[in-house]
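Please build the complex by placing chain H on the supplied structure of chain X, with the hints as guidance.
The residues making up each chain are set out below.
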Amino acid sequence: MRALPGAARVYVGLVVLSAVAAIALGPHAGIEPATLVLVVVLYVVTESISTAMYNGKAGISPSAAASLAAVVLVGPVGAAAGALCAAPFVLRRQNLVKRMFNGGQLALVGYAAGHAFLALGGQVGPPDRADFPWVLVPFCAALGVYGIVNALLVGLLMWCLGEVRLQPPRRVRWRTLATLELASLGYGMLGLFIAVVWGVIGAPAILLVLLPLFIARWAFDQCIAEQRAHEATLATLCQAVETKDYYTRGHCMRVSKGAGMIAQQLGMPAERVQTIRYAGMLHDVGKLGVPTKVLQKPDKLTEEEFAAIQLHPMRGYEIVREIGFLDEALGGIMHHHERMDGSGYPMGLAGTDIPEFGRIISVADAFDCMTSTRSYRKARSIEEAFAELRRGAGTQFDPTMVAALITAVDRDGWELPDAVEPPGDGSAVVAQQDHDDPSVPLRVVREAER
Amino acid sequence: MITEEFYAMRAPRRAGAWRMLDEPVRVLVIAVAAVFAAGSLLWTLVSGFVEGQTALAFGVLIALGELARITLPGNREVAPVASAGAIGYTFLLTIGGDTVHHSGWQVLAVVTVGFALGELPHIAAGRSPEWSDVARRMLVIVVITLAFRPFADVLSPGSADWHWWPALLLMATLVLVGWLTDAITAAAVRAERLRTRITVAFRDELRAHAGLGMAIGSSGILIALASTITGLAGLLVFTAPLLVTQVAFRRFAEVRLTYLQTVRALSRVTEVGGYVAPGHSRRVSRLAKSIGCELGMRESDLLELEYAALMHDIGQLSLRDPVASGATVFALPREQRRIAELGSAVIRETGVLDSVAELVRRQCEPYAGDGDDGPPPLGSRVIKVANAVDDLAGEAADTERVQAVLERLRMDGFGEYDPEVVEAAARAIERAVARW
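Protein chains in written order, with my numbering: chain X, -8 to 441; chain H, 9 to 444.
Only chain X is shown next, with the shape it has when bound in the complex:
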């Protein structure tokens, strides 16, 4: 792990110190040692089975259940002490700073939630019959405070690490965040569950309650593994399709990336950005329907051959239309060769009649083509490609998308593909022209020339 910025170190130190201070100051009466030990066990187990979600950056952890059970069973100070005591024993590979931060964070969150619980009239100790249903009011307040303080503490850390800039609200992945929050709330409710069952059957409650936790965690793991497998397979199959031409290797991945950058720059919600990444990846699968000898023809193309090339977006659409999650991407795949002036293919749509995804992919597609090496020319520089895109803006490309790509690439940079040299034995298949290349249009023999 790279060195932590100073601000982050100071912040982690502050969090841990204030947790220790809270425990040292708080009233210690009424905390049963035996219960506290079991609370520590609960913390250790729940923290150890926490699931890494959301690119492994933020973890969703069932420790909310432990925290809130601790709040009800041993009160704010007990909850904080339990969290801090559990931190060294958590069975996860973490470095010291992260471990300290997690412990301190959980302690502070528990402390805050505990005070919310007490403030609204909650009683420390396993709730009994008389407490229901009114104990739900302080408990839900504690749950809310838990969510808010937790988000604040983690958000501040991310900010110190420089991983999040203050973003305009549209660009935040709301749905992912909402899912995470909901899951945490669900786990939090389990906290009350634990406390109540504790009152009926005592310590074995832990065992009973943890079973669904383990299973939920297992299901989430399965889900993530399957999702990764799906993405890996999708990428591999797309790449397999383009092994036909030595020079276009990696084209689909780069178009996918470029289209994603444009969409992000335009402020699209995360779901659509993901969809357009898929669309970019799949945009040329229909090229397989074009006979290889046409794609690789060094001379001018006849009208029929050109017509065959023009068919590839439709072919691509036919292949992928059954994939349920693509929906909007399908239009993008079908119309990625339309031009703003209406002279493109396959339908000759113009202006805003062209689906937004089609206009985005068109720009990303041309940009990657120009910045890659082709058999008939060297790769162009990014600036040259920008100039070419600007020249085509309005006639071939949507100016908004061109501007978005240029801004995004200027800010985040663009990884140029390695200059490829096909093996010298002539076994590699190379094309002499590229249908994506706006600077060197396909040469077609018109009827009149014959």
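Please note that a few of the clues may not be correct.
Said to hold, decoys possible - Stretches of chain H that chain X covers, calculated by requiring three or more beta carbons in the stretch to come under 8 Å of a beta carbon on chain X:
#1 221 to 233
#2 247 to 254
#3 267 to 274
#4 357 to 366
Note that these hints are calculated values from the structure, not bench results.
Cβ atoms here follow ideal geometry from the backbone N, Cα and C, with glycine treated the same way.
The following block gives chain H in isolation, referenced to the frame of chain X:
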């Protein structure tokens, strides 16, 4: 004429009464559940209803749970919240200190009404449930509740020397028994539909329901125990954790479906490229799957087989020109081998489908094997036969032609095709024809 439907896993369903003859076990399961449902309603009507408020709360929970049912991979409908609610109602001893007295039949009546109300919106929207799954959900509760309710009074925390051990032990045992019964019925229905072996289906069902089954069972027990203190207000709170689990399982099912759709769609690139006949990959995968069922392959192996069969020709993408008429069966053995190797290399590239890649790599070996590695895996032998049948019979083959093809594979004297697999293919095709 043989169409795509020919190889479909579920043969085209006959209407009305004819269908009952196809699947007697399924009909029996539904009938038994219906008898219990009707009986419980009648009994409760005659003998009267106790503690209406509690019944109403649990009934609503069950109805909502049924409304939010999900479909797990393998077309298994489950309604975790409804099942947990029903189990909770069964195990209920006291509500906030007051002992409850409802009978097992009342539990069943509440569950019946809850299921019915939960399913109504689905049926109105044209999404009829898989009735055998609804029936199984009912039968689990029948088993648990009729065994537990008679002892409820004894176990209730009335006296001073009450202890929770016996109650908890009985609950856990009954949940286990209910789960096993469910697995057996599910396996019987499934084995009948897919024509696979019941022992294999039983193991598949146990595995498919293990996780969610445990979550449902423990949640049910917890709801019952916790209601002792919290009363009815707790019901809502205590379903939340199970909802989280349900969300996770639903997402998994969605991703699994998407994955399958992607592989199915992308397997068609070879057809669009003119490398193979249109619909070839899909027909091969369907036939391979029904052969696999016939041979008693496990569900996880069947999924791998399906992926491998869909992608078995992907290696052709690396060829400069398509094989003549797209049928690999006519290609030279050396060429076939190369296509298999190339395809396997592509699939291995994903990093997650190694066993699928292995099936594809060895798909053209003779059935006794030709190297030091021994005979190829069963999946590879199945793909070899399915591919040959489809290549030789073609898309629009009639029954006679398919029979001739099978005869040719049987007579093959070079040990290319596994006789057992060929026979399984013959049975699978025969059944599809009979159903047509």
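Item to check | Violating hint indices (sorted, rising) | outcome: none
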